[in-house]
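Take the sequences, apply the hints, and build the full model.
Chains A, B and C, in that order, are what the protein sequence lines are. If you count the first sequence from 1, you need to add 450 to reach the working numbering. If you count the second sequence from 1, you need to add 572 to reach the working numbering. If you count the third sequence from 1, you need to add 27 to reach the working numbering.
Be aware that one or more of the hints could be misleading.
Stated by the list, open to error - DMTMM-like mimics (lysine to aspartate or glutamate), calculated; alpha carbons at most 20 Å apart, straight line:
| # | chain 1 | residue 1 | chain 2 | residue 2 |
| --- | --- | --- | --- | --- |
| 1 | B | K753 | B | E576 |
| 2 | A | K960 | C | E326 |
| 3 | A | K729 | C | E152 |
| 4 | B | K582 | A | D506 |
| 5 | A | K859 | A | D842 |
| 6 | B | K636 | A | D763 |
| 7 | A | K966 | C | E326 |
| 8 | A | K453 | B | E576 |
| 9 | A | K993 | C | D195 |
| 10 | C | K192 | A | E481 |
| 11 | A | K960 | A | D987 |
| 12 | C | K282 | C | D241 |
| 13 | A | K960 | C | D325 |
| 14 | A | K453 | A | E481 |
| 15 | B | K581 | A | D571 |
| 16 | B | K753 | B | D669 |
| 17 | C | K306 | C | E207 |
| 18 | A | K993 | C | E152 |
| 19 | B | K636 | A | E755 |
| 20 | A | K866 | B | D624 |
| 21 | C | K364 | A | D571 |
| 22 | B | K636 | A | D905 |
| 23 | B | K617 | A | D506 |
| 24 | A | K993 | C | E390 |
These are computed hints drawn from the structure, not numbers from a lab.
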Amino acid sequence: MDKLLCKCGHENPPGTVLCESCGRPLNEQEENKELADMRYEGTARRSQTYNKSVIDKIWNFFSSVKIGVSIIIILLIAAALGTILPQQQYVPANTEATIEAYYTDIYGTVGTVYHALGFHDMYNSFWFIGLVGMLAISLIIASLDRFVPLYRSLKNQRVLRHPSFMRKQRIYGHGPGQEDTLQKAEEKLSELKYKVSTDKNGLLAEKGRFSRWGPYVNHIGLIIFLFGVMLRMIPGFYVDETLWIREGETRAIPDAPGYVLESKGFTLETYTGEGEQEKFGEAIERVGTVAKNYQTDVVLYKIPEGALPGDTDEMEVVEEYPIRVNQPFKFDGYALYQMDFRQDEFSTMSFALENKETGDSSGDLTIDLVNPETNYELADGSVVELLGYYPDFSGFENGEPQTASPLPKNPGFLVKMTTPDTPDGETSFITIQNTVEPLGDNDYKLAFQSVETRDASGLTVRKDRTLPILGLGGLIFMIGVAQGMYFNHRRFWIQQQQDGSILLAGHTNKNWFGLKKDLDQVNEHASLPAYRDQQEDLEAQEKREGEQLT
Amino acid sequence: MSMEKKRNKKQNRTIMRTAILLLLIAAIGYTIYNSVTAGEVEVLKVGDQAPDFTLTDLNGESHKLSEYEGQGVFLNFWGTWCEPCVREMPAMASQYDVYREQGVQILAVNIAQSNFEVETFARQYGLNFPIVIDRDKSVMTAYNIRPLPTTMLVNPEGKIERIVTGEMTEQDIAGFMEEIKPE
Amino acid sequence: MTLADISSNLLYVAFIAYLIATVIFGGAVKGNKEGSFRSEQRWGKVAITITVIGFLSQLGYFITRWIVTGHAPISNMFEFTTAFGMTLVGGFIILYALYRTAVLGMIVLPVALLIIAYASMFPSEVSPLIPALQTNWLAIHVITVVIAEGILAISAAAGLIYLLKVIDQKKKSKQRFWLEAIMYSLVLVLGFIIISTFFTLTNYEADFAYVNKDEQASQITYNMPAIFGMNDYESLSDGTFTPLVEMPPVIHAGKLTTVFWSVLVGTVLYLLIRLIFRKRISAMLQPFTKNVNLQLMDEINYRAVIIGFPIFTLGALVFAMIWAQIAWSRFWGWDPKEVWALVTFLFYAAYLHLRLGRGWAGEKSAWLAVIGFVIIMFNLVAVNLIIAGLHSYA
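Given below as structure tokens:
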């Protein structure tokens, strides 16, 4: 396709409808229109001019608003469908098979179908991400396709427009003028903060051109945001780990090399409904209990530079911090969040060594369930020796006590009790529920006295280096939206013809009311010819015609 | 405008558009690939340098991985509650007797259990190799150990030769030790 | 009288003021002769004055409640929904100041009344904040959202008026059907309010034990005669209505019962209206729109969206993400409420592209505005009550 040479001498890119420079219509169809289509200044949307190779076809596909909106609608429907049943991450199952079974068990056929369609993991499915990707492509291509010619056209625009262009503007006027009309109009328009440029017998006043870039700016913001989301997939940008830590424990923080955390204690507070909180009494009564605070007091240690994992002797305290909901602990790009807790895990157990017959006690002993000792010596010379410890006793296998986990959920102890009465010692296996005496009846027993508990905190370890990018994207998006929606681009063209009459046209991308108000002010000062709103005229005419028909 | 210029322009346009489209499609492809394979990412791979660490054994002696350079290190992560870990221990002990002379060292890293439990266990099974306790799970974290048992086979150059998750038979153990034996 | 009492009384005053204003706005509009605005001018002034009094009174409720509870009163269904009613009225007052649109008041005020009445069906006592809500982001995020939703609802009201005027009530059409469906759904909300109030006043209560979907024993109190029984239910109160049907565990029969009663009462009410007036509700409302300036309604519809959309984006996505990052460690987690905020965002984005890019103005735009409101209400009602997620505080 060839470039279009306008009568004014300007070379326009192929497909242009209105000359970039003087505004003359460049084809017959456009010439016959009563009003010019000014959305993209009559420029050629680049995609529509070339439509030859496959690449061009793909390009044109993504350039279309229709396709863009269709992708938005499909995404919207897909996103909504994903909320009908809970997504798999909110389901209490964690293997492929149990998740599938969960949907069938709980939701019946609907659940089975939902799972089979892959809706249980909608937002991570390849086609959902693919759709978001297509939206991103559409955003980029549609913007490029429109921005470049619009920019060119506004940059190339001339002060003097062809009368045929002016006649096709929505705001148009033609009438006698005075010698100083142009000069006065220029004064007033400058006063109204218009940028006025003059050429021979005409002027162009323009204001707020930047609002035309609003849509492109907000699209750039969205692209940056999506780019940030994409970056988090790259290792090192994003850390998401869970750390369970019990009161008193010291643990290396997963994925945060060199950092070690100690839990000083977990606190759960609830509202009492008394005193200051009396006003909440009614609500608390209705619901039962309402939590007021979840808090883990922690100490952060750092292994010194050059030290190795496991080298715990030289750790340095970095900071102490109370981690609470809404108050994550931030350090070195990481953040620790209070996310979960488990209360009342056993920490120590106390027993009394008793003579079964007399019930006399030889004394008490306390076993630390996290770090038990071997020998417990009592005041009267008795000794309890721990032979075996099974923190989560799960039964015997080949006569050996077994433990199901390292956590003291159901502690079992194999002990040898030696007292002055029984110098050879007696062996006993003790669990919470019962006592087994594997080597015959004993004279002594360990009587359970008390148990102390501790809480475990579930912390989320997070590092997200994409946040600044996402924030930037969001900010640019909001700026672009405001720029495009709350400002408008206004232009007036005024020309004095050779016969002294004045030709006047005005255009804005939105808020015609404001444009007319500006023009009225100029009118008062410079006595311009009366103008008409040709759009309203057209509508009024259509209405009249419509009424005549009925 | 000459025909040639026009053709050039058209070519440029096609190249430009193709480049933009390819770039975008590659980015999306990468994103989809990553999201579908999410969770399968392993931090340590075969051939990586094994992260150095230092841990103390039951006798109070400290063991630093890098000090064993020149020897193969059979790095076994375990716990007393883990049945397959317990089952493979005697086999490890008997193979240790064979390969210790040939320059293969076993380090059994217990995951944060008490001295009492580990000592009792070692005595009961008569374990002859050093057992170290990873009290704050920092070595476990550094090696990104998920299921137990996991065994990292470190060759004399200090590189990871093989990662074994799950139980090993005595034959497996012998074979693995053979792999990391210094020449 | 304590401050808390003053607060709830102010809400009553607001409710009654809106009720009176609705009637006067209706009369003002109806009293106009075709093409004349004399009645509207005279009575419109009275109506808007009462509306403003109501609004100030509700603002008083909001501020005093904030003082009493010590936190922004938007932390549960009652508080949020009431605030939604308030921003809706606030948006209308601003528009009235600009365009003197009495007819808009005639639509917006009853909708606001329905919303506030709906809100009062939820527990309204002041409640303490759970840890996740104890932050200034609660006020920042929720107030922005509630303002945005109020403005977007105005767009729907303008759209609705547009549709009431242009849709031919004499010819059978899809448009006529769907417009009436909107009216019918508003009557259903009224049905819910009437039946809930009735059973609350009569103190109806029936306790049941049941087995929930995680196979755990639970208890539930029905405040309406149980039509549907929970899974494996067992009645704990004597002399109450025995459920007719037992539901599987995944369906919450208690909520279903409420829906059933609301639909029943709403439908009866609707049929009564149809029988008495022998007209569709939309046909009854059409004469009120005889003087409506369609172009102005279209402009209000569009204006409300271009103001509401950025505020909604800011409140429901940007602020929401910032808070989610602080409280839940991730700015986005595909929680149903989050997803529906995204759906709303995408919907209005599509609205703007269709309007600006493909010239969808007038009736098409009006339909889109109404659908937008339906999505917002779905997010408010259904997502909170039916789809359980992190946001179900009420």
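Hint check results:
| no. | hint | result |
| --- | --- | --- |
| 1 | K753/B x E576/B | violated, 69 Å |
| 2 | K960/A x E326/C | holds, 11 Å |
| 3 | K729/A x E152/C | holds, 9 Å |
| 4 | K582/B x D506/A | holds, 11 Å |
| 5 | K859/A x D842/A | holds, 5 Å |
| 6 | K636/B x D763/A | holds, 14 Å |
| 7 | K966/A x E326/C | holds, 17 Å |
| 8 | K453/A x E576/B | holds, 15 Å |
| 9 | K993/A x D195/C | holds, 17 Å |
| 10 | K192/C x E481/A | violated, 36 Å |
| 11 | K960/A x D987/A | holds, 18 Å |
| 12 | K282/C x D241/C | holds, 18 Å |
| 13 | K960/A x D325/C | holds, 14 Å |
| 14 | K453/A x E481/A | holds, 19 Å |
| 15 | K581/B x D571/A | violated, 46 Å |
| 16 | K753/B x D669/B | holds, 14 Å |
| 17 | K306/C x E207/C | holds, 11 Å |
| 18 | K993/A x E152/C | violated, 56 Å |
| 19 | K636/B x E755/A | holds, 16 Å |
| 20 | K866/A x D624/B | violated, 41 Å |
| 21 | K364/C x D571/A | holds, 17 Å |
| 22 | K636/B x D905/A | violated, 34 Å |
| 23 | K617/B x D506/A | violated, 44 Å |
| 24 | K993/A x E390/C | holds, 16 Å |
In summary, the numbered hints that this structure violates are 1, 10, 15, 18, 20, 22, 23.
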